[in-house]
Amino acid sequence: MKTLGLVVIAMAVIAAFDAQIDQVSFWPLYIGPVIAVSWESGFRSGAVASAIAGALLIAAATLCGHPYSSDFYFLIATACQVAALLILAWYVSRLAATEAVLTKLLYKLHG
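Residue numbers for the sequence shown follow the numbering used here, so the first one is 1 and each next one is one higher.
These aren't lab readings, by the way, just hints derived from the structure by calculation.
Glycine included, every Cβ here is placed at the ideal spot set by N, Cα and C.
Treat the hints loosely; a few may be bogus.
Label-pair distances were calculated between CB atoms; the ranges are [said to hold, decoys possible]:
id	residue 1	residue 2	range
1	94	68	29 to 37 angstroms
2	91	17	20 to 28 angstroms
3	32	98	19 to 27 angstroms
4	65	91	18 to 26 angstroms
Could you build the full structure based on these sequences and the hints that come with them?
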């Protein structure tokens, strides 16, 4: 849970930075925090972090505008970005679980 708190703080800093720039979206910066929380705490926490990132993306765009030609395109882009973060959270959580199983297996084999 400590990791999720640190991730929320990191994402708030990213959102504050993103709100200052209105020509591009810095949504890829949310990838690092989502990876960190997904690896440490699993998919559920990664999904929460992805949802928070989506909310922060919308908040930043509400404060300063977005670089898209219409709100519809902005919503489609944001939905795709959150979907990408969710897929990444799932993949990283599965990778962490696999790594844990393989580590236990190696300890059993090599004692």
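Starting from the range 18 to 26 angstroms, see whether the pair residue 65 and residue 91 falls in it by beta-carbon distance.
violated (32 angstroms)
inquiry  = Verify the CB-CB distance for residue 91 and residue 17 against the hinted window 20 to 28 angstroms.
reply    = For residue 91 and residue 17 the Cβ distance comes to about 26 angstroms; the hint holds.
Problem set entry | Supplied distance hint 19 to 27 angstroms, evaluated on CB atoms of residue 32 and residue 98 | holds (21 angstroms)
#### Entry: Cβ distance range 29 to 37 angstroms for residue 94 and residue 68, holds or violated
Between residue 94 and residue 68, where Cβ atoms are some 32 angstroms apart, the hint holds.
Hint check: a violation occurs at hint 4 only; the rest are consistent with the structure.
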